[in-house]
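A.B. asks: Chains as they are written, first to last, in our numbering: chain X, 186 to 1085; chain B, 33 to 223; chain P, 15 to 325; chain H, 3 to 273.
Calculated directly from the structure, the hints in this document are not laboratory data. Just so we're clear, the structure is a prediction, and the values are computed from it rather than from any experiment. Check before you lean on any hint, since a few could be wrong.
So the derived list for chain X, only partly shown, Cβ under 8 Å to chain H, looks like this [said to hold, decoys possible]:
#1 232
#2 994
#3 1005
#4 1006
#5 1027
#6 1053
Straight-line alpha carbon distances no greater than 16 Å define the calculated EDC-like cross-link-like pairs of lysine to aspartate or glutamate that follow [to be verified]:
#7 X:584 <-> B:148
#8 X:698 <-> B:170
#9 X:635 <-> B:153
#10 B:143 <-> X:643
#11 B:143 <-> X:612
#12 X:330 <-> X:391
#13 X:584 <-> B:170
#14 X:405 <-> X:293
#15 B:79 <-> X:678
#16 B:181 <-> X:522
#17 X:635 <-> X:647
#18 B:76 <-> H:146
#19 X:1021 <-> X:988
#20 B:166 <-> X:702
Beta carbons: idealized from backbone N, C-alpha and C, even for Gly.
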Amino acid sequence: MYPRNLEHSDCFVIMGSNMAECHPVAFRWPMKAKMNGAKLIHVDPRFTRTSANCDIHAPIRAGSDIAFLGGLINYVINSERWNTDPFFREYVVSYTNAATIVSDDFKDTEDLEGVFSGLVQYTEKPEWPYNAFVGSYQPASWQYKSPSVQGQGEQVAPTARSGEQKAAQGPQAGQPAGGPTGPQPPAPLSWDDVVRSLKRPPPQRDPTLQNPRCAFQITKRHFARYTPEVVEQITGCPQAKFLQVAETLLQNSGADRTSAFAYAVAWTQHTYGVQMISCCALLQLLLGNMGRPGGGIMALRGHAAIQGSTDVPTLYHSIHGYMSHPTVLKKHDTLRDFITTETPSGGYYANLPKFMVSYLKSFYGAAATRENNWGYDWHPKIIGDHSHMAMMAAMEEGKVKGMICVGQNPATSLNGSSQRAAMRKLEWMVVKDNWMTETATQWYSAPEIKNGDVKVADINTEVFFFPSTQIAEYDGSFTNTQRMLQWHFKAADAPGDCKTDTWFYYHLGKRLKRAYENSSAARDQGWKNTVWDYDREPAETAGEISDEPDELKILREIAGFQTADPTKHLAGFGELKDDGSTTCASWIYCGCYPAPGRNLTARRQPDPPGAPGAHLNWGWAWPANRRVMYNRASADPQGRPWSERKRWVWWDGSAANAPNAQTGAPTPAGKWIGYDVPDFALTKAPNAQPRPDGIGLDAMSGLDAFIMKPDGKGWLYVPSGLVDGPLPTHYEPVESPVQNLLYPKQQTSPVYKHWAKAKNYNQVARVGDPDYPHVITTYRLTEHYLAGAMSRWLPWLSELMPELFIEMGRALADEKGIRNLDWVKIKTPRSEIRAKALVTDRIGVMNIAGKRVHHVGMPWHWGWEGLSTGDVVNDLTSWVGDPNVSIHEGKAFLCNVEKD
Amino acid sequence: MTATRREFLRYATGAGVGTALGGLAGLGLTLAPARAKAQALRIKDSKTVPSICPFCSVGCATLIHVKDGEIINIEGDPRSPHNEGTLCPKGAAIYQLHRNPNRPTKVLHRKPGARDWEVVELGWAMDRVAELIKKTRDETFVERMPDGKLVNMTTSIFALGGATLDNEFNHVAQKFCRGLGIVAIENQARI
Amino acid sequence: MGGSRVPDTFFTTPPEWTWWIIFYFFIGGIAGGSFFIASLLYLFGRPSDRPVVRLGYYVAFVGVVISGILLILDLHRPLRFWHMLIESNTGNLMFKSWTPMSIGSWGLLLFGLFAALAALSAAREEERVRWGPGFVVGRGFRTVVAIIGGILGFFLAGYTGVLLSVSNRPVWADSPMLGALFLISAASTAAATLILLGRRRDAVDAASLGKLAEFDKWALILELVAIVVFLVTLGAAVQVFLSVWGVLLVLGVIGAGILLPLAIGMGWVKRWSTKPATAAVLVLVGGFLLRVVTLLSSEQVHIAGHRVISP
Amino acid sequence: MAEAMGFFTDTTVCIGCKACEVACKSWNQLPAREGGQPELSGISYDNTVQLSGTTWRHVKFIEQFDGPYNGRWLMMSDVCKHCVQAGCIEVCPTGAIIRTEFDTVVIQSDVCNGCRACIAGCPFGVIDMNPVSGTAQKCTLCYDRMSVGLEPACSKACPTDSIQFGPIDDLRRRAQTRLEQLQSQGETRAQLYGADPEGPVGGLNSFYLLVDEPEVYGLPSQPKLPSRNLASSAAGSVVGAAVLGAVGLVTLRKRRSEDVAESERGGQPRA
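Full structure from sequences and hints, please.
C.D. replies: Encoded structure:
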């Protein structure tokens, strides 16, 4: 799914996103669809600029999204349309795991009053006591009925794993701890046999969906309680509105119509954020909307390169292309361990050995050999949750000495005053930014300094500020929310000492290379062997003195080349090898730079107006320049478009094929073609059967549209990969004004994360706490960006939203004697801030199971630097988060509001 | 059509004036001269450089007009299938990211306990940061866990940032960190 | 009017014609009024009125000079004042017969010329100056100056109100009475000015002052009528005066500036009856306040967001 | 004479993003208000508050609610209407305001002397002073861009095509189609504002599609030309002058008795 594809949608539900305000240009496309008759729906606690442009606005209490989505699932499954239109049955049986039988050991929340089978206590390990789980699941019972789907289960964020958990589950249980102490055998010439050895018989299926243990029946029972009445009670959304949404969505899904969802951080920033998205995926699979034009789920990401920084991960838990970061919490001791733990035998991910070896070659170059297992042992391993909040909790305890912060502003981030307190304990801190951020200046101008609580002289941190270049002052690529890499060119020189951020790390690296040049210590060998050469060719710098690194050299290392000849770039990940002959940091980016002088990310060739297509000559989208993932599902099981209207990718049985390049054997006629790059083995016929000894795509049938999944199916029921349950369940946010109506015995997710739980600075309000009675949500505005560094210094943007405000309903304002523009105090157990009141009916009081609950909302763009300044809204938030991904719960918590 | 409207205007105005001031009407009547003084087009003779908006993740394409080495205008690239030349207010304000008196251009350093910044040389500051990284790394590096597992890492340095920066930055930054064993690498995607 | 609750004129932006313009309207009115009173006295009065005639010319001349300065100061680009007369980019004469400000600029210029000639003539007559061509003291010349200057004086006194009316602002554009009202007020304030100044000049005949006072009395009555008609014709826009400006209009302009001087003139106020100067001062204050109220009441109304903000 | 060009603003697809405001400022190099540090207005999300000499586009936000979550939020990007009969051109005493070959209205900043007659003359409150130039300024419909065939900055930037630019006749046809679409969807109050060449001020070359009465959007229902008052007000003045002249003749002429006395003294006869 990508924004422009929304112009093909018939119904578009925006939930967990304020798309018109936060992605205004992307909203161009649903508005085009609306002009053509599509229905737009916004489900949100606030009536925003998005709601204003939608046909339906359904107000729900912040954090109650799963109740709403669950209600939709229940409505759909029991609707007449879904049970009579053959499309739904055909799609679901063919392309999802609805028919797959689940282990008899699995117990649902319905059986266990709100928790799944396998819940255990969690205890921190002393080496890294910042994993912060409040509980933990042993997910063995969630598997498909034996023989189980294996491998993909380990694609869990390492955040989610603890040593105990690992030890208690799965085939690796009981293996001896400890790393390689003696010499290891060299890596094999090919890993295919290793992968083949992981192969298990396929799981059992019941295509009639009647088996009570099939994923569909389990799902159906799981959501049976989510009736419109219950939805209204939990979410506060009037039943009529809910039913209107459900019916509109259902009527606009089918062979001839598609519906899409969009979400953003209002779905991720919860203690069950991953489950919200999972719940939506479940619904969209049931409705047959995945992999089809105008269908699917649009993940609206928030930063220009946030997709890129996840693909090319400046994130602790993964290495390039979503491979798990080697960790002590899983069996990753050796490269072989890593590969056997991480690789599924089925699906495209079975090629992981090729990805990993090519990655290690990009890291250690010639020093990475088969003998030393491609330098795997030099690569660091993580020892727990090193995510943002975990690191801040460690920093606050003095466990972190230095910090390098580039283009980010933690001083205004979650529970901001605590992050500032943590940073004051650093020995040194480097801030590199385009603007003077609050992080750069917090040591002399934070609120706690200004009010005298902390003295500047008592802060012993050595602080650096390096100015940065702006976008038009350097070359490089961003990966957008469509997974599309787009190159931007330098237009002008940067002023003064402004250097690119890449320059900064590159030249630091050069200095540290020199510093360790003479070290013979084992621990320095990894760094000594790290390939570090991005100098510009002299010809490129002729006429200008530039010590900026060569961005194209970096891109080449990411996108890959033949190890023997770096001028021979790789045309795609199909060319990757696991024998060291290919060097490629990121398998998913492989192919974006297929030859010197052919940087496909810089392409700017749109399709001609009116032509059906996906603008394949504009930029380059991973994987393999595909625009809609899993687009095999846009054709029916026989390979025909589901309908003429929804034509996207289809099977052309008559297309002639070139003979097999290696064997010369003729290839049978038939090929997948369409408006997009087919996300399927190009010549695999719809009726193809898996090869019995096949691994990877060879293990898949012509119906296995979801090629990244080990079983080729879209997952309604998630047997592995999530740490908080195989099915989404409604829980309350950690701070909630009401009891969990669905499962009174289980208020919150049983396994969320709560860092610094015992510390004063990270306390949370009790359920229904009278001191903190109002639900508060935080958000962005169109006029500002993030914590404001890139907008609050710009007069043209500052003037549009010049001051911080709190939006509150008239009822609350009347109750508290607050008038529009009055100063208001907002208080949580963490902090208290001030803002001006904006009294409106766009937010207000909701009826939650008979209790009147006031909603308030605050944009979080402000801090004390810039032209437009204001209090730090994130000072109110807490360090509690999602157990899968360690993302905080910033979208639903409690506060009190008083007139100042 | 246009002419008709304009004649209508002349007639209407003339009638109004005529009532009041009789014969004076018509003198110096200059309502319809197409003689707007040609304003010089700001981007005339400028170079156009393709770029991408650095704000949200939609990836709107922009065109940057440069004249004499200075950025003089930034607007949407009409060819782009993402934005077709349109922009949001942030994208439309990219010019002010570059041309802005509030922009910092000097390297600043604060000694432990000091009250104020000092402006320092870029080269010195880089040397000093490299020195601090080496010192902290060497002091805190862990080769093996207590149970003997090889880890080759340190958790004492925290590298933050990347979601607002290029893929190339992210690659170099993460490689720098992982090369040195710095495992606590995070960016805005987490929060 | 479209049947709306808010008059259409309220959806506009105030031009910020404030103190420079208020003083200009006040002084320009006195200048114009003085000249036409002087002209009438010259043409139809007695020889003993001549000191008042001369005084009127002097006042007109000084007034028009001050007016010109005020107008130029009010411009945000004062050095471009001549753009009102000559088209800056073509060099052609700039004159728009349907635009009061354009006519006014020329009118002010011409009036200035005639005021200068009249003042020169008067000064030569009093032998205050000895230069200048001899014909300026000629009878025919004086008569021509009096007639044309008098007409221009009427124009100057009255066009300001028309200028306000030919706009889209509340109050100003809502009634056709402003031209007449300002003209009448110019007459009353000019007469009051001449009474005040004339009292200090020995040469001025008491009978002349009496005529002026009589004239002023009728002018005030006319003004009162004009104000009433003005308020009635405002229609819905009259709501602007539900404010401090309305209070000032009633108490200041009508009460202190019209009714009280009338009462004094009629001898109804015993204590002040011997002080015609008091009446004259009140008339001046009233005339000034009339302009303050007319301009500022309208200036108060503006749009913010999509809403009209009125006092 | 080139084709008449203008804007059609379809307020029903405005998302209130204010891209038009910033794109305008960027292209025309206009300063932010108060250095970018004005106070929060409290008028919904509208902090621009009004069109001015330095803000030539202004997005209005109208909250029409009847209790929490129950209502609608109208947005409208406002701009100079480029009236076919322009009040500002009428009253401008320097000839600074002209009609271009595109039938748009432009203030020549090098001619304007800052008298502000046009501010008072505009029926829509569009024009105001630019304190930097000391002249009245407003939208030029990007005359400089149009002259070389480029689209105006605001309509080019508008992400949802709420602001459409083109030949007026073409825009009117598009507007009519959209109006009928909305009306058929039950938006009974939908109406075009300023699209009728027979309507007030000869129609607007920047016209709007609204879903409520114009006043709701801060627009006059019947915009008029300032000159409508010229005849009546001038006539009033003339009548006033005549009455005053009569009063003057009565009160200021020499009296009969005075005539006698005067001849006895050998004074001058009356002129």
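A.B. asks: Now tell me, hint by hint, if it's right for this structure.
C.D. replies: Now for the hints, and whether the structure bears them out:
The closest approach between the C-beta of residue 232 of chain X and any C-beta of chain H is roughly 6 Å, which is under the 8 Å cut-off, so the hint is satisfied. Interface restraint check: residue 994 of chain X against chain H, minimum CB-CB distance 5 Å, threshold 8 Å, status holds. Among the interface hints, the one on residue 1005 of chain X holds; its C-beta lies about 5 Å from the nearest C-beta in chain H, closer than the 8 Å criterion. A distance limit of 8 Å between C-beta atoms decides the matter here; for residue 1006 of chain X the minimum to chain H is near 4 Å, and the interface restraint holds.
With its C-beta approaching chain H no nearer than about 7 Å, residue 1027 of chain X sits inside the 8 Å limit, and its interface hint holds. Residue-level restraint check for residue 1053 of chain X holds (minimum Cβ-Cβ distance to chain H is 6 Å; threshold 8 Å). A hinted pair counts as satisfied when its Cα atoms are at most 16 Å apart, and residue 584 of chain X with residue 148 of chain B does not qualify at roughly 26 Å. A threshold of 16 Å between alpha carbons decides the hint, and for residue 698 of chain X with residue 170 of chain B the separation of about 14 Å falls inside it, so the pair holds.
The suggested pairing of residue 635 of chain X with residue 153 of chain B is violated, with an alpha-carbon distance near 29 Å, which exceeds 16 Å. A threshold of 16 Å between alpha carbons decides the hint, and for residue 143 of chain B with residue 643 of chain X the separation of about 12 Å falls inside it, so the pair holds. Proximity of residue 143 of chain B to residue 612 of chain X is assessed by CA-CA distance (about 11 Å); at most 16 Å being required, the pair is judged to hold. Pair hint residue 330 of chain X plus residue 391 of chain X holds up; C-alpha atoms about 12 Å apart against a cutoff of 16 Å.
A threshold of 16 Å between alpha carbons decides the hint, and for residue 584 of chain X with residue 170 of chain B the separation of about 15 Å falls inside it, so the pair holds. For the proposed pair residue 405 of chain X and residue 293 of chain X, the alpha carbon gap of about 11 Å is at most 16 Å, so the pair holds. As the CA atoms of residue 79 of chain B and residue 678 of chain X are separated by approximately 14 Å, the hinted pair is consistent with the 16 Å bound. Using a Cα cut-off of 16 Å, the hinted pair residue 181 of chain B and residue 522 of chain X holds, with the two alpha carbons roughly 13 Å apart.
For the suggested pair residue 635 of chain X and residue 647 of chain X, the alpha carbons sit about 20 Å apart, so the restraint of at most 16 Å is broken. Among the hinted pairs, residue 76 of chain B with residue 146 of chain H is consistent with the structure: their alpha-carbon atoms are about 11 Å apart, no more than 16 Å. Distance check on the hinted pair: residue 1021 of chain X and residue 988 of chain X sit about 8 Å apart at the alpha-carbon level, within 16 Å; holds. With a C-alpha separation of about 12 Å, the suggested pair residue 166 of chain B and residue 702 of chain X falls inside the 16 Å cut-off, and the hint holds.
In terms of the numbered hints stated before, the structure departs from hints 7, 9, 17, listed from lowest to highest.
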